[in-house]
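Here the protein sequences line up with chains A and B, keeping their order.
Just so we're aligned: 18 in our numbering is position 18 of the first sequence, and the numbers increase by one with no gaps anywhere.
Just so we're aligned: 108 in our numbering is position 108 of the second sequence, and the numbers increase by one with no gaps anywhere.
Since the hints were made in silico from the structure, they are not lab data.
Covered stretches of chain A (chain B as the covering partner; in silico rule of three or more C-beta atoms under 8 Å from a C-beta of chain B):
1) 43-54
2) 105-114
Facing chain A, a subset of chain B residues (Cβ under 7 Å, in silico):
3) Gly42
4) Leu43
5) Phe45
6) Tyr48
7) Leu91
8) Ser98
9) Glu101
10) Phe104
11) Gly105
12) Pro106
13) Gly107
The C-beta atom is built at its ideal place from N, Cα and C for all residues, glycine as well.
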Amino acid sequence: AQSVAQPEDQVNVAEGNPLTVKCTYSVSGNPYLFWYVQYPNRGLQFLLKYITGDNLVKGSYGFEAEFNKSQTSFHLKKPSALVSDSALYFCAVRDPDSGTASKLTFGTGTRLQVTL
Amino acid sequence: GAGVSQSPSNKVTEKGKDVELRCDPISGHTALYWYRQSLGQGLEFLIYFQGNSAPDKSGLPSDRFSAERTGGSVSTLTIQRTQQEDSAVYLCASTADSRYEQYFGPGTRLTVT
Numbered sequence: 001a002q003s004v005a006q007p008e009d010q011v012n013v014a015e016g017n018p019l020t021v022k023c024t025y026s027v028s029g030n031p032y033l034f035w036y037v038q039y040p041n042r043g044l045q046f047l048l049k050y051i052t053g054d055n056l057v058k059g060s061y062g063f064e065a066e067f068n069k070s071q072t073s074f075h076l077k078k079p080s081a082l083v084s085d086s087a088l089y090f091c092a093v094r095d096p097d098s099g100t101a102s103k104l105t106f107g108t109g110t111r112l113q114v115t116l
Numbered sequence: 001g002a003g004v005s006q007s008p009s010n011k012v013t014e015k016g017k018d019v020e021l022r023c024d025p026i027s028g029h030t031a032l033y034w035y036r037q038s039l040g041q042g043l044e045f046l047i048y049f050q051g052n053s054a055p056d057k058s059g060l061p062s063d064r065f066s067a068e069r070t071g072g073s074v075s076t077l078t079i080q081r082t083q084q085e086d087s088a089v090y091l092c093a094s095t096a097d098s099r100y101e102q103y104f105g106p107g108t109r110l111t112v113t
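Construct the complete structure from the given sequences, taking the supplied hints into account.
What follows is the structure, given as C-alpha cells:
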C-alpha cells in the first residue's frame, strides 16, 4: 500500500528565509509525487509534481521540490519565504503500479507559518 | 477557464437525513474523484470515476455512501441516514489524464447535527 509521511505538523520561518517542508513516501513501484497548498476555506491548489526525469522540479509561486529515491523523500522548498506563503501544505503520492487506479494518498499536512 | 465547482458550499443537516453533494468538473476532464477532509482523518479518498463508471470505490466508508456520474460530467455524492461522524469537508477533483495532477474544487462543508 502507498503512504506518505509529513513529520512536522507546523513549520515556522521568518520572511525572507529559506523554507523546507518535509515529505517521505512509501510505494511498491516508482512514485508519482505531488505537492498541494490549501488556504483557509479553500480547496487544494496544485503546486508541482514529479513524474520522471530531473530530480529537481519547479512549480508555482517560486516553490521547488527535490525527489530523492534513496531517501524516499520529496521535500518542498523555497529560497525566500513570504508571509503570503502561510498555508497548509499537503504532499501526495500515487503508485502507478499499485492497481488501485489513480487515487492520491495524502500526508497529514504541514502548516507553514511565515512571520515578519 | 472555469475550475471545478461544488454545491452547496455549506450544508447543515439533521442526523438521519439524506444529503446530496454535487460536483461539476472542468470541461473535458474524464476522470473525477471524491475525497473527504476531516480533522481526525486527514484527506481520504472516497471514489474515482473514469467517464461514467467507477473503477475504484474502495474508499466509501459504508453502504450509506453512494455516488454516480452522468454524461461523463456532473457527479453526485449521496449520503443516506447521515451520522455525526459524516461531518467533514467533501472535496471533488478532476483531471484530463488520470496519471497526473488533479484539480480540486472548493469543497462542501457538511455538518450533521
